[in-house]
Amino acid sequence: MEPIILIPIILPFLLGIAGTKILFKGEKIKTFYVISAVTINLLALIGILNIEGAKAFHLLKINPFLDIYFKIDKLGILFALLASILWIFTTFYSLAYMKHEGKEERFFVFFILTLGITLGIAFSGNLFTLYIFYELLTLATFPLVIHAGTKEALYSGRKYLIYSLGGATVALLGMILLFSISNSLNFVEGGVLGTVNIDNPKLLLTIYMVMFLGFGVKAAIVPFHSWLPAAMVAPTPVSSLLHAVAVVKSGIFVLVRVCYFVFGAETIRQIHGNIYTSVLVFITILLGSLLALHQENLKKRLAYSTISQLGYIVLGIILLNENALIGGLLHLVNHAVIKITLFFCVGAIYFMTHKKNINEIKGIGKQMPVTMTCFSIASISLIGIPPTNGFVSKWYLALGGLTENKIIFPIILLLSAFLTAAYLLPIVVTAFFHGEEKKDIKKLDPPIKMLVPIILLTGITIFLGLFPNVLLHYIKSIVENLV
Amino acid sequence: MIGQIALLIILLLPAVAGFVGYLIGKKSERNRDLFNIIITGIEFLIVILLYKEVSNAPVNLFISDIMGTGLHLKLDIFRYIFVWISSFIWFLTTMYSTQYLIKYKNRNRYYAFFMLTLASTIGIFLSENILNLFTFFEIMSFTSYALIIHDEDQYALDAGKIYIGMAIAGGMVLLMGLFLLYEYTGVLNITEIGEKLIQLGNIKYLISFLIIVGFGVKASIVPLHVWVSKVYPAAPTPASAILSGVLLKTGLFGILITTQYLMQGDFMISAVILILGLMNMFIGGLLALFQRNIKRILAYSGMSQAGYILVGIGLMGVLKENKLIAVYGTLYHIINHALFKVLLFMGTGIIYMVLHEVSINQIKGFGKHKQGLKIVFLVGFLAIIGMPGFNGFISKTLLHEALAEAGHRYPNIGLTIAGMIFTISSSFTVAYMLKIFITVFMENDEKYKGQFKEPICKRALLPMVVLSVAVIYIGMRPETVLTIIDQAIKNFGVDGEIEIHFYTFNNIKASLFTIGLGVGIYVIFVRKYLRKKDGNSSFYVNPSLNWFNLERNVYEPSLMAIFTSTSVVFHVIDRGVVNFVHYTSNKVNKFSGMQIKRDSYGQIKDSYVEMNSLKDFLNKLAKNMNSLTYSVFIVATILVVTLVMLTF
Numbered sequence: 001m002e003p004i005i006l007i008p009i010i011l012p013f014l015l016g017i018a019g020t021k022i023l024f025k026g027e028k029i030k031t032f033y034v035i036s037a038v039t040i041n042l043l044a045l046i047g048i049l050n051i052e053g054a055k056a057f058h059l060l061k062i063n064p065f066l067d068i069y070f071k072i073d074k075l076g077i078l079f080a081l082l083a084s085i086l087w088i089f090t091t092f093y094s095l096a097y098m099k100h101e102g103k104e105e106r107f108f109v110f111f112i113l114t115l116g117i118t119l120g121i122a123f124s125g126n127l128f129t130l131y132i133f134y135e136l137l138t139l140a141t142f143p144l145v146i147h148a149g150t151k152e153a154l155y156s157g158r159k160y161l162i163y164s165l166g167g168a169t170v171a172l173l174g175m176i177l178l179f180s181i182s183n184s185l186n187f188v189e190g191g192v193l194g195t196v197n198i199d200n201p202k203l204l205l206t207i208y209m210v211m212f213l214g215f216g217v218k219a220a221i222v223p224f225h226s227w228l229p230a231a232m233v234a235p236t237p238v239s240s241l242l243h244a245v246a247v248v249k250s251g252i253f254v255l256v257r258v259c260y261f262v263f264g265a266e267t268i269r270q271i272h273g274n275i276y277t278s279v280l281v282f283i284t285i286l287l288g289s290l291l292a293l294h295q296e297n298l299k300k301r302l303a304y305s306t307i308s309q310l311g312y313i314v315l316g317i318i319l320l321n322e323n324a325l326i327g328g329l330l331h332l333v334n335h336a337v338i339k340i341t342l343f344f345c346v347g348a349i350y351f352m353t354h355k356k357n358i359n360e361i362k363g364i365g366k367q368m369p370v371t372m373t374c375f376s377i378a379s380i381s382l383i384g385i386p387p388t389n390g391f392v393s394k395w396y397l398a399l400g401g402l403t404e405n406k407i408i409f410p411i412i413l414l415l416s417a418f419l420t421a422a423y424l425l426p427i428v429v430t431a432f433f434h435g436e437e438k439k440d441i442k443k444l445d446p447p448i449k450m451l452v453p454i455i456l457l458t459g460i461t462i463f464l465g466l467f468p469n470v471l472l473h474y475i476k477s478i479v480e481n482l483v
Numbered sequence: 001m002i003g004q005i006a007l008l009i010i011l012l013l014p015a016v017a018g019f020v021g022y023l024i025g026k027k028s029e030r031n032r033d034l035f036n037i038i039i040t041g042i043e044f045l046i047v048i049l050l051y052k053e054v055s056n057a058p059v060n061l062f063i064s065d066i067m068g069t070g071l072h073l074k075l076d077i078f079r080y081i082f083v084w085i086s087s088f089i090w091f092l093t094t095m096y097s098t099q100y101l102i103k104y105k106n107r108n109r110y111y112a113f114f115m116l117t118l119a120s121t122i123g124i125f126l127s128e129n130i131l132n133l134f135t136f137f138e139i140m141s142f143t144s145y146a147l148i149i150h151d152e153d154q155y156a157l158d159a160g161k162i163y164i165g166m167a168i169a170g171g172m173v174l175l176m177g178l179f180l181l182y183e184y185t186g187v188l189n190i191t192e193i194g195e196k197l198i199q200l201g202n203i204k205y206l207i208s209f210l211i212i213v214g215f216g217v218k219a220s221i222v223p224l225h226v227w228v229s230k231v232y233p234a235a236p237t238p239a240s241a242i243l244s245g246v247l248l249k250t251g252l253f254g255i256l257i258t259t260q261y262l263m264q265g266d267f268m269i270s271a272v273i274l275i276l277g278l279m280n281m282f283i284g285g286l287l288a289l290f291q292r293n294i295k296r297i298l299a300y301s302g303m304s305q306a307g308y309i310l311v312g313i314g315l316m317g318v319l320k321e322n323k324l325i326a327v328y329g330t331l332y333h334i335i336n337h338a339l340f341k342v343l344l345f346m347g348t349g350i351i352y353m354v355l356h357e358v359s360i361n362q363i364k365g366f367g368k369h370k371q372g373l374k375i376v377f378l379v380g381f382l383a384i385i386g387m388p389g390f391n392g393f394i395s396k397t398l399l400h401e402a403l404a405e406a407g408h409r410y411p412n413i414g415l416t417i418a419g420m421i422f423t424i425s426s427s428f429t430v431a432y433m434l435k436i437f438i439t440v441f442m443e444n445d446e447k448y449k450g451q452f453k454e455p456i457c458k459r460a461l462l463p464m465v466v467l468s469v470a471v472i473y474i475g476m477r478p479e480t481v482l483t484i485i486d487q488a489i490k491n492f493g494v495d496g497e498i499e500i501h502f503y504t505f506n507n508i509k510a511s512l513f514t515i516g517l518g519v520g521i522y523v524i525f526v527r528k529y530l531r532k533k534d535g536n537s538s539f540y541v542n543p544s545l546n547w548f549n550l551e552r553n554v555y556e557p558s559l560m561a562i563f564t565s566t567s568v569v570f571h572v573i574d575r576g577v578v579n580f581v582h583y584t585s586n587k588v589n590k591f592s593g594m595q596i597k598r599d600s601y602g603q604i605k606d607s608y609v610e611m612n613s614l615k616d617f618l619n620k621l622a623k624n625m626n627s628l629t630y631s632v633f634i635v636a637t638i639l640v641v642t643l644v645m646l647t648f
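From first to last, the protein sequence lines are chains A and B. For the record, in the first sequence the residue sitting at position 211 is 211 according to the UniProt record's numbering, with numbers rising by one throughout. For the record, in the second sequence the residue sitting at position 434 is 434 according to the UniProt record's numbering, with numbers rising by one throughout.
Think of the hints as simulated: they come from the structure by calculation, not from any bench. One should not assume that every hint holds.
Claimed, not checked - Straight-line C-alpha distance at most 27 Å; calculated DSS-like pairs for lysine-lysine:
1) K368/B - K443/A
2) K362/A - K26/B
3) K368/B - K103/B
4) K103/B - K443/A
5) K161/B - K356/A
6) K105/B - K443/A
7) K406/A - K196/B
8) K61/A - K74/A
9) K362/A - K368/B
10) K366/A - K26/B
11) K532/B - K368/B
12) K105/B - K366/A
13) K449/A - K26/B
14) K103/B - K366/A
15) K26/B - K442/A
16) K355/A - K161/B
17) K105/B - K362/A
As the list claims (entries may be wrong) - So the derived label-pair ranges between C-beta atoms look like this:
18) T39/A - V16/B: 28 to 38 Å
19) L14/A - G186/B: 50 to 60 Å
20) F633/B - L154/A: 16 to 26 Å
Note that the structure is predicted; figures quoted are calculated from it, not measured. In this text, a Cβ means the ideal position worked out from N, Cα and C, and glycines have one as well.
Throw the hints in and build the complete structure from the sequences for me.
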């Protein structure tokens, strides 16, 4: 029964490959096929999670290092469910949006493939397996990034490849070095290094930093972040899903695995790894927020915002205490929901009016009231104003910072929150309150397939803000074994 | 049980009504107006009916799971005073708005946010959990923003920017305080925090400072008052009335909670609040003297009156177990200020409705022949200056008594000066109100005679009449309000009742002295110094425009400097890696491009192409690969270098 856990990972591969034939058979078939593919996969995933019994499986084991091993644990489930559910929203959105981008078939093949790879990352049982899927993710998303096929897109795509592959290579170096010490890269709560004697903390610190920076490339840690704004040339569904959720969150997810399942919080504290990394995270948070202020292009602005928000999550990870990690994981979920909403709204504006800069959207709130209302709510949530979900994660992050007795952490968070307000609220204000009075305003809210995901996601934003407890308890149950 | 349900209703009713009203408004504006008036009326009615329940025992309501910590509402008499005044003012202002906004655009949006603001304001006063309080406070900031920028012209948008910017910044500071508060005490219930907080060391001062700054933005404490003079004139008058009448009180409520509940009346904090209050009083009053826009005068006046309340709050802590009189004075003045300030704003709004102008240079003599307006404005005027017989007299007397009491207990020069500032500030009030009243209602201007008969609808005047009656009634019979406050004082940890006779010779004398002084300032300073003659007509100037200005001379330049410098730094970091890679790769490219033997190489290459096409193909491939692998290689090299540096 054990191989059954591979279904959600392999199914998208098969469906994606089969899609190369089926997707071309017509509009209706395509819509039906794509929707059913992601839905079936979600159902398969839920089904597997409900099956009792062993949740681990060795696919291929050559030696302790070259071991493809899958294991389902609570953290993986969180990430897998988040990705799968957001994938469905994005599917509906893309079906409408991609019409004006063209080459939908190619898009959807890779789109479905990527889902499988993301789930592979979620369920990897050791670092080596994770690494393979991590590399695959880069390759599978590359065609999505360069979808437009323009010179700029190709350039950005290349940048994306170089950063990601380079980072992964460096991380591989770290893996090999680490394996030489620990002889195991399996994920264990509390870290595989728990039993190993630390006789060379400097080497260990080096390994930690190498892996942190290597995997941190996907998490857009400064100074390896500039692929993210560049990759905004991709179509909006790609930007939203891949660069606010799947790719960057995979980077974050790997960092959680590395910090808490490979090294372990205790070890990192002993080698003082958290001190070096926190400097980078500081810069990441502030740089993202501050430079977002300078962006005129809406998507670029959101991209820099993502950099800063990813900094929040990484901060939660590297503070190495319970509250902070709760905050970090909460923000992993919350930011995904918020950012995808923001991207969807910006995409809707582009889809309906072909406007992508702030000074062009004067008074658009009157034409697209529903879209812009959702955008406003998501913005407020990203700033971290209660009662939205952004506040809940910020609360735990700040408490985590204070637990470490460092008042600077919450100050940075609040400063960045203020900057977030400064770069998001002008969009809202421009959209609603600028622009001259018109008598009959043409309603431009996007088609239902795009609007419904936006509204539902906004609903989730508020719901998770008002009733965070279910998610919170689940995350607490993950965290209590880790710290 | 009924009380708890009622609590939930007064919180949710306006919020739901906001949305429902919006939908109704799309069909029929008339119905929506009626709907909103009825809803606020019901709200007010429920609040009145709640009095009996609340005076028996405080009503508590706890709903778990909301926002993680649960929603904890509480209504005791102390909070009831705030809730009552909010719902009362809102009811009247809604009625007034329906007339005021007739010629405005976007009315539908206005009412939706108006009702949401009511809900959040009520929420602030009801919250027992300080996190809930913060939530409602932030919601209120955002919803009131939509009211302020209602005109959507550049001035309003700029004012709105300052408002929302300061509100968010204040909110962040407040939140910082809450983070620390929770980290150190682990509780969020306002009545429970105090016991734990008081045991902490100096950190408690930092915490309370941060919280007070957060609330202080709304309470327009010096130097956080810069938004006041911009926002009040920009907002539609009913919104300004609400801002001054109620939203200002949310900030003061927060400060009151912080000093009395969280800090248990700590002497240091209270003394600071007392000093800030005196500064507010004085600076607000002084700046009001110079202004020419009535709404701006009233804005500064609101700041000055907030100073009185702050003085009261400060005195509560300073007087410790003898704070009784300060409690009475503070709560009484909170009620009074809401009544007369809203009345004055409404009067100004009437002028604006007719003329679309509120600068006293323009509207001089407008009210000379409009008896109705003149009378209600006069009531507001006499109330705010503390004329015996009006409500302002009662609370100012109480506050003055409290200050005298403090001077009696701690005889030192500071409190003597405080007493003087109190008197001078009160006389400023007289002077700037006289400035408005005489220019607008006493001077003669032919062009405003006999015209503008276009009747102001009764619905706009009715709220003003109600307010005037209330002002006079509680001025003549203070015991009606005092009996309510009697029950609230036990929330402040003291017992007893005050025996005070307001209409004694001494009190009236003191009041008349202040008024006399104010008239003197008016005659000497305002008439002589601020009024310039230009032929037959005269006009007011505002020399304070050129004075040192916190916003223009301090906040803006320093913010800009920080912003620019950090931007530059971060831009360098942002582009750093990419530029470095480009730079090195260019250098390396140049290096690789160097050819030792150019000619011979060229020859070989040429023959190469002709002779071997497969190799050429491979060569091309390698060349294409090069650019990619090259960059990877460079990135990896950089990482290795950093790595080595980290190791050693």
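> Given the proposed pairing of K368/B with K443/A, does the C-alpha separation stay at or below 27 Å?
Replying inline: 49 Å, violated
> Within 27 Å, alpha carbon to alpha carbon, are K362/A and K368/B?
Replying inline: 44 Å, violated
> Taking only the CA atoms, is the gap from K355/A to K161/B under or equal to 27 Å?
Replying inline: Holds, at about 24 Å.
>> Can you tell me whether the CB distance of T39/A to V16/B sits inside 28 to 38 Å?
In response: 35 Å, holds
>> What's the verdict on K26/B and K442/A, does the C-alpha distance respect the 27 Å limit or exceed it?
In response: 16 Å, holds
> Given the proposed pairing of K406/A with K196/B, does the C-alpha separation stay at or below 27 Å?
Replying inline: 22 Å, holds
>> K362/A and K26/B were given as a pair; does the straight-line alpha-carbon distance stay at or below 27 Å?
In response: 23 Å, holds
> Between K532/B and K368/B, does the CA-CA distance stay at or below 27 Å?
Replying inline: 21 Å, holds
> Taking 27 Å as the top limit, are the C-alpha atoms of K368/B and K103/B close enough?
Replying inline: 25 Å, holds
>> The hint says 50 to 60 Å between L14/A and G186/B; measuring C-beta to C-beta, is that right?
In response: 53 Å, holds
>> With the threshold set at 27 Å, check whether the alpha-carbon distance from K103/B to K366/A stays at or below it.
In response: Holds, at about 20 Å.
> Would the pair K105/B and K366/A pass a check requiring their Cα atoms to be no farther apart than 27 Å?
Replying inline: With a Cα-Cα distance of about 13 Å, the restraint between K105/B and K366/A holds, given a limit of 27 Å.
Of the numbered hints given earlier, the model fails hints 1, 9; all others are met.
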